[in-house]
Amino acid sequence: MFNLFFIDLGRKVLSFIYFFGGLANLTGQTIYQTFKPPYKYGQIIEQSEKAGYESLPIVSVVALFIGFIFALQFGYFMQRIGSEMYIASLVALAIVRELGPVITALIVAGRVGAANTAELGSMQVTEQIDALETLATNPVKYLVVPRFVALGMMLPLLTLFADIVGIMGSYLICVLKMGITSSMYMNMTFSALLFKDLFTGLFKAWIFGMVIALVSCYEGFNVEGGAVGVGRATTRSVVISFLMILAADCFITALFYFIFP
Amino acid sequence: MIQIQRLSKKFNNNLVLNELSLDVQTGQTCVIIGRSGCGKSVLLKHIVGLLRPDSGKVLVEGREVASLKELELVALRSKISMVFQGGALFDSMNVSENVGFSLLEHTRLSPKEIFARAEESLSLVGLGGIGNLMPSELSGGMKKRVALARAICIKPEIILYDEPTTGVDPITADSINELIRSLHDKLKVTSLVVTHDMKSAYHIADKIAMMYKGRIISEGSPEQIQGTQDPVVHQFINGLSKGPITDAVDIFK
Chain A
100 MFNLFFIDLG
110 RKVLSFIYFF
120 GGLANLTGQT
130 IYQTFKPPYK
140 YGQIIEQSEK
150 AGYESLPIVS
160 VVALFIGFIF
170 ALQFGYFMQR
180 IGSEMYIASL
190 VALAIVRELG
200 PVITALIVAG
210 RVGAANTAEL
220 GSMQVTEQID
230 ALETLATNPV
240 KYLVVPRFVA
250 LGMMLPLLTL
260 FADIVGIMGS
270 YLICVLKMGI
280 TSSMYMNMTF
290 SALLFKDLFT
300 GLFKAWIFGM
310 VIALVSCYEG
320 FNVEGGAVGV
330 GRATTRSVVI
340 SFLMILAADC
350 FITALFYFIF
360 P
Chain B
551 MIQIQRLSKK
561 FNNNLVLNEL
571 SLDVQTGQTC
581 VIIGRSGCGK
591 SVLLKHIVGL
601 LRPDSGKVLV
611 EGREVASLKE
621 LELVALRSKI
631 SMVFQGGALF
641 DSMNVSENVG
651 FSLLEHTRLS
661 PKEIFARAEE
671 SLSLVGLGGI
681 GNLMPSELSG
691 GMKKRVALAR
701 AICIKPEIIL
711 YDEPTTGVDP
721 ITADSINELI
731 RSLHDKLKVT
741 SLVVTHDMKS
751 AYHIADKIAM
761 MYKGRIISEG
771 SPEQIQGTQD
781 PVVHQFINGL
791 SKGPITDAVD
801 IFK
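For the record, the sequence lines run as chains A and B.
Counting from 100, one number per residue, gives the positions in the first sequence under the numbering used here.
Counting from 551, one number per residue, gives the positions in the second sequence under the numbering used here.
Hint data in this document are derived by calculation from the structure and do not stem from the laboratory.
We put the beta carbon where it would ideally sit given N, CA and C, even for glycine.
Take the hints with a grain of salt, since some may be wrong.
Unchecked claim - Covered, in the sense of this in silico footprint (three residues per stretch, anywhere, with C-beta under 8 Å from a C-beta of chain A), are these stretches of chain B:
#1 592–601
#2 626–632
#3 635–644
#4 648–661
Unchecked claim - Below, simulated DSS-like cross-link-like pairs (lysine-lysine); rule was C-alpha separation at most 30 Å, straight line:
#5 K135(A) / K619(B)
#6 K135(A) / K629(B)
#7 K757(B) / K607(B)
#8 K135(A) / K757(B)
#9 K149(A) / K135(A)
#10 K139(A) / K738(B)
#11 K135(A) / K736(B)
#12 K736(B) / K705(B)
Could you put together the complete structure from these sequences and hints?
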């Protein structure tokens, strides 16, 4: 019993090291292939459309609800202390610095990351990735780089969009239900936000985009065991992306806290 | 020429290739026969550099595949084509794009010229005019033939076939055999064919090699193989349920 526990623990530690080794290897290859010509503009645009444009409706809806909810929750407390006018500043900071990038990244990891893993996983089990190699085409260059570049570009743009929609949601609640004037709301929002707030939010989004692309492609490439394997890899891809997004968020927030206090 | 020298490969303690050696001369069609799961596809993947050997060497035109640099491997792969067991067509592309993929990626030909070359290859496998269909709209046999068209579109010097006639009707199987034979006769393409289909093997092979327990246990012309005294080869080529191969499995069970 005791032995089994250590054997199991050892296996988990080894698979953890193996995962990060594999991911680091894929990251290195992807960065190298990204800068090596020829550039696959057509595929980057196609992937950008899938990851960015097609995610707009769900990102809009979620960001709008987040804006509503935050305005109402902050409003509940701020009205008690007679400081409703600060709701705009609080919501703007919370959304731009934290909620915008993280919520957008979680949505994209669930929507685009899962699709990437399922697509690449199916290609792996039907030998399409082997076929690509035999046709003298590097699978990392052909499949990973367009997704990596597209998600790296699209996530900051989606985040910016989510920030605006979220603030609009909060604006609607504050102006229509809490009696704050429109000009007051806008003033409080823009006076609270600094360039570094927007920069840290978008920088985080860029990192999250690359994390989602790499984790989803790595899991897709390592699918084993047919349709069941594809399902398992897709679940793992979403769970690992979520964890890595939150871990990266924590790390980057701490880093910026100490660099730009 | 393909030379395989004492090639070994293990997956999770399962020795799939055990110091396997085989030579295939330029322009020759060599058929590898053996039971399912005995490592025939693994052998093909070593030749095209998809797998790296644990020990031993694979030499193509005198150059060791595992030691080639990225660009050298790309150059080698542009001379070798592989026809996969299930076709391995790209789901996201139509038939023409699949067949012309290599030309699109590695040549400066115009899309019109690539389409013409793809159509020419499709006509060779008897599927002219289906370029606009998607792989999901094709039957299993058609997928195999499209995969064959993709393989011959780049006019390779070596073609590796992984069970090209498995799962297709006898008429399609015969037309695939004829095509392999004509590529051999007209273009002097070197072919390595993995199959269970003995009728196909006798029809297309210059040489047949029997793989068993990770090694080549017998090789020779189709006539020599048909007249073999080796009980393992005799059982396999005659499709007998009783014999040394199945006895070994029964003892193991």
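Hints, one by one, checked against the model:
{"no.": "1", "hint": "592–601", "in the structure": "holds (count 4)"}
{"no.": "2", "hint": "626–632", "in the structure": "holds (count 5)"}
{"no.": "3", "hint": "635–644", "in the structure": "holds (count 6)"}
{"no.": "4", "hint": "648–661", "in the structure": "holds (count 4)"}
{"no.": "5", "hint": "K135(A) / K619(B)", "in the structure": "holds (16 Å)"}
{"no.": "6", "hint": "K135(A) / K629(B)", "in the structure": "holds (23 Å)"}
{"no.": "7", "hint": "K757(B) / K607(B)", "in the structure": "holds (21 Å)"}
{"no.": "8", "hint": "K135(A) / K757(B)", "in the structure": "violated (43 Å)"}
{"no.": "9", "hint": "K149(A) / K135(A)", "in the structure": "holds (24 Å)"}
{"no.": "10", "hint": "K139(A) / K738(B)", "in the structure": "violated (36 Å)"}
{"no.": "11", "hint": "K135(A) / K736(B)", "in the structure": "violated (39 Å)"}
{"no.": "12", "hint": "K736(B) / K705(B)", "in the structure": "holds (12 Å)"}
Of the hints listed earlier, those the structure fails to meet are numbers 8, 10, 11, in rising order.
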